[in-house]
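Residue numbers (our numbering), protein chains in the order written: chain A, 1 to 342; chain B, 1 to 520; chain C, 1 to 277.
Simulated from the structure, these hints should not be mistaken for laboratory data.
Source: prediction; values computed, not measured.
What you were told as hints is all true, and nothing was included just to trick you.
Here are a few chain B residues that sit away from chain C, every Cβ distance over 12 Å (derived from the structure):
1) GLN344
2) ALA441
3) ASP455
4) GLY458
Straight-line C-alpha distance at most 30 Å; calculated DSS-like pairs for lysine-lysine:
5) B/LYS162 - A/LYS92
6) B/LYS380 - B/LYS274
7) B/LYS199 - B/LYS86
8) A/LYS92 - B/LYS187
9) B/LYS384 - C/LYS52
10) C/LYS52 - B/LYS252
For each residue, glycine too, the CB sits at the ideal point set by N, CA and C.
What follows is the residue order along each chain.
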Amino acid sequence: MSAVIRLLLRRLGISVIVLIGVSMLIFAIARVIPGDPARIALGPNAKAEQIASLRAQMHLDESLPVQYGHFLADLSRGDLGISLYTNRPVTKDIAQFLPATLELVFCAGIIMIMLGLPLGILAARYRGRWPDHLIRVLSLVTVSAPGFVWAVILMLLFAFYLPLFPIAGRLNDSFDIARVTGFLTIDTLLAGDFAAFTDALHHLVLPAIALSLSGIGQAARLTRANMVETYNKPYIEMAQAYGFFPSRIARIYAFKPSLIPSLTIIGLDFAAMLGNAFLVEAVFAWPGLSRYGVAVILRKDLNAIMGTVLIIAITFLIVNIIVDLLIAFLNPRIRHSARGSA
Amino acid sequence: MLKKAVIAASICAATLVTTPVFAESVLRLDEVAVGELDPAKASDYADSILMFNVYDTLVLPQQGGPGHVPHIAASWEVDGANYTFKLRDDVKFQSGNTLSAKDVVYSLERMQALGAGLSYLFAGVNIEAIDDTTVRFTLEQPYAPFVASLVRLPIVDMAYVKSNSDSEWGEEFLSANGAGSGAYSVKSHNPQEETVMSKSDSYFLSVADAAPDTVRLRYGLEAATVRTLIAQGEHDIASQWLPPEVVQALAKDGAQLLTESGTGAFYFKMNTTKAPLDDANCRLALSHAFDYGTAVQMIAINDDISAGSPATGAIPVGMFGANGPDSVMAQDMAKAKEYLAACQYDPADMNIEVTWIAEVPLEERFALLMQSNFTQLGIKSEIKKLPWALFAEQVSSAENTPHISQLFVNAVTGDPDTLLYGMYHSSTPGTWQSPEYLNDAMVDKHLEAGRSAADDAGREAAYQALNARLMEIAPTIYGFDRQSVFAASNRVKVPALSDPTQAFGLDGMGFSFRLMEMVE
Amino acid sequence: MIRAMRILASNPLSLVGLLLVLLITFAAIFAPWLAPFPTHNGAVIDFAFANKGPSARNWMGTDLVGRDIFSRILYAYQISLMLGIVVLAIATPVGTAIGLIAGYVGGWTGSILMRIVDVFLSIPPLVLAIAMMGVLEPTLTNAMLAVTVMWWPWYARLVYSIARSEREEGYVLAAEVIGAGTMHIAFREILPNCLPAIITKMTLDMGFVIIIASSLSFLGLGVQPPTADLGSMVAEGARYLPDSWWLTVFPGLAILVAVFGFNLLGDGLRDILGVDE
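Chain A on its own, in the form it takes in the complex (with noise of 0.2 Å):
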């Protein structure tokens, strides 16, 4: 067995393992809610036996173990139940509302990695001098504020003053696109109008770079850094001193052994974007599992607050294992351990 499927394995196993706990996790907020999500999902004027025969179907009358049991057996059937706020399969929701999210988020993440990494190369190779000052302010200006504060400069500034940008949702109505993927990005192409891919696209340009904004300061100063090391290790400075292009010397030898480190990062702001969404879906009107979480929060809808959490917390892992596989196949060591032991 090579030693890139054990480590696939090894990390498949611990997410089930973390997916196992934090479906508890979950599953100890959801039910600590004050009110009986019964009465609610009902409305006002719901009579007393109504209440009781929803507060059976849902199990709420039943012990915490039998409960938790009961989410688990339909949860392995691919049922998690009926959102209350919106009368339709939790699954069903998830399913409409999840590709908008991730869409946004894919969008923010090539951002982040096609602005960070050149910066942080940039700053790195002339660390010490003023493009390394000016982009460390910059990024630490990025980082400063969240997401939602970005979401509305640049509204207000490119899509109310200069009105280069629409100022919200994922398409213009004058497009009637079939949703095969949910990607409106994909979905057009297939449908094969451009036009409409275009303007998809230019709906995703705001909300992308106002989620993307800390990242890239984030990705920018972690390159920076991991560079700097690599710089000073006895190889670079050989190669300096055989006098090889300083640009050769950045992208071949100090950027790639950099890039491993890099990348975990990557992964866990994958992560914080995928919250981070919440804020800037809620000021661009996006149509996302984000904006559809923060609904049903706020209605205390049970089944859907879990669905939710459960299923951004399975794309985080998901991205993490990507992660990890890609720095296993870029890390030589890992690599060549594969290969010694096929």
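Assemble chains B and C onto chain A, guided by the hints.
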């Protein structure tokens, strides 16, 4: 770099070339999420808009006046507790099925079985189909405004539901699809995002060509978004929940203002079971201390239009039993102090809990106003924000119900009974409408007289007596008569919301898209 | 100490950070005396001056009921700083203790402790806090509780990794040889070596706690009105964009300035204390 510029340029060019050109007219409006499409579960404004357009009811409110006119029904007769309706035979559902008496029976039974939304209106109502086009309702209790409540009984296409769903009542199917006979059919429905409807070509009444071909009802848009979309010509009618400042800004930019009034009021409800508000003198002190004038100013849009008019008593102007415009409520500190002196509690010990509903930020301002008014009386108060869900939960027990709750209540059928009975009758305490927990024999008596009186004169007398009694014991600070104001672009004409002779006197009915006209 | 001051002085950015932090702390403590309208923290109305832009009377304009935004921002800093201090004062010792034990003792105890930490870390921090606030009543105390619950695992993780590497160091082995107790080694020998990293993280985290707390109140799940709070000021003001921009922009910038100060300072401390990122 150059490559990027070229791509950008080609993207722009592509956008220019392929921007679609519309032959059909589109109306875009918004409401708070979620839009409940199942007509038996409809309760709030968004749900009502959907229901009134996708489904039809037996009767409709008379435009510009009191009373009801036939709609799906051709005519009806009343014989004591029996209401016999003759149906039109030319009404077709959007599926092509013909609407018959069986569908009416199914719709009522479905509503009663699900027990959600406004189904309480139909408790104690029995129904039978006499023949294909005749139904008879039998009431267990006399209920004068029964015909009015039929505007809340949308007729569902039974055969279509059954062919698309295995369950008896087709809940899942109807929460995502329309099955009505209305002038608009559902093209797509996403309860959090938007519902798209299109004009049905088989409606049994004629619909003007200018009526919008497609309607997009969007949910949960932010005020700032709506404000900008309307300014940019990308939105047509804003919801009534926009804050007054935003409506003002839109009106200044040239937006038209649509209004709807006469069905409800804004109330500050006092928990009559909780000290010191269990003493009527204390309640009267607070209601005289409240600055009604400033409250109405706070909701004014401009000199002519406001989101409310001064209340004249416990019953909104335009309904049975309302007081005339000469008895407008006003702050009277001298009287307030008099009542406070008569109150059994010491003002120094009082700490009044004033709540506001988190979803309605405007209420925070009323809370602050009240707090400063009460301070003038020497009464301390505390402001608390409550999300709606939590509020609805708290009012289920008198003990947890706050001292003062702010609520906009409207008559769901347009009849005063549906406004007042649920608020004040001692048999209905502890719902969101009745955080007063009022238990007053005289109020009960007048309310019962109001719903069982044989004619309008009898009802008028009953509600007048009720109004007087409610002023005397002041369970509520009657803030102002509510007028809903909708900022709208000039692309659309809505006579039902701009011409009083066309108004329906029923919340949401003004949004019958078939009666609107697109200008462009 | 003198060395630290000298390094700080030679690093102008950290100095700016220190000054910002001192300035904000000063403003928060003396808000009742510094605010032009000291009563405007609470439930005050002045409709004659409602919703006015910046002017000589109100430097940052007034809100929808006529309260001075500048005064409210000063008071809001009180809440933000107090929240940050309380959260870190609880989360840091708890996380550090768990991390130390897991890292030094290791074995099954360590694995179980760290799996628990992993559970907390595998839900995005804000989501966990939101979920908690969703079930608790939105008050300042509960907001502190929710943020604390999501915060301690990060300290556990940090201290764990340091303790793991220190475990094999000579001084620890020496202490073991002379028979020092587990607790003694963990808290007396290893902990001091974790302190620079912990202090740096705490400084940086003050900023992040302010961000998370303001995010909670932005979503309506934190400190409740009429108490002034930066996050809820932004949230309430956002409805009135673009016309009444001062309602959102100034509180938003206030968050930015405060967090920026802590970040600059923390960044400087990292250099001074020689902590790796």
